[in-house]
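A.B. asks: Sequence:
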Amino acid sequence: MNIVVSLLVGKPINILIVGIVFLVAYLISRFAAPAKQLQVKPLLISTIAWCSYAVWEWFVLVKSPEANIRIDLLVIWPMLAILSAWTLYRLLQSKSMKS
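To convert, count from 1 in the sequence shown and add 1197; that's this note's numbering.
Keep in mind that the hints were calculated from the coordinates and are not lab data. As the structure is a prediction and not an experimental result, all values here were calculated from the model. Using N, Cα and C, we set each Cβ at its ideal position, and we do this for glycine too. One or more of the hints may lead you astray.
Label-pair distances were calculated between CB atoms; the ranges are [stated by the list, open to error]: (1) 1207 / 1289: 16 to 22 Å; (2) 1199 / 1279: 19 to 25 Å; (3) 1228 / 1268: 36 to 42 Å.
The whole structure should be built from the sequences, with the hints applied where relevant.
C.D. replies: Below, the structure is given as structure tokens:
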């Protein structure tokens, strides 16, 4: 857990990188395979969620840099974890259905 905290808390650039990874995966999936064969909408949803979290983290960093108790992360991190896992599951599921 300390690794996640050190990589994400107060570092909106790192969070944006995760969002960009989802965006690149979305673009590759969207243009490499026909839309009917591969579910790409979950990738777009994850991209939006991670980029929104990056904006939120930047806002918190700018507006309240002294904040050391982050109750908001009790909601944000589980939602992002579930959403990311769901996205990977849907991607793997659609690839297995394609085979």
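A.B. asks: State for each hint whether it applies.
C.D. replies: Each hint, compared with the structure:
1. 1207 / 1289: 16 to 22 Å: 32 Å, violated
2. 1199 / 1279: 19 to 25 Å: 21 Å, holds
3. 1228 / 1268: 36 to 42 Å: For residue 1268 against residue 1228, whose Cβ atoms are near 40 Å apart, the range 36 to 42 Å holds.
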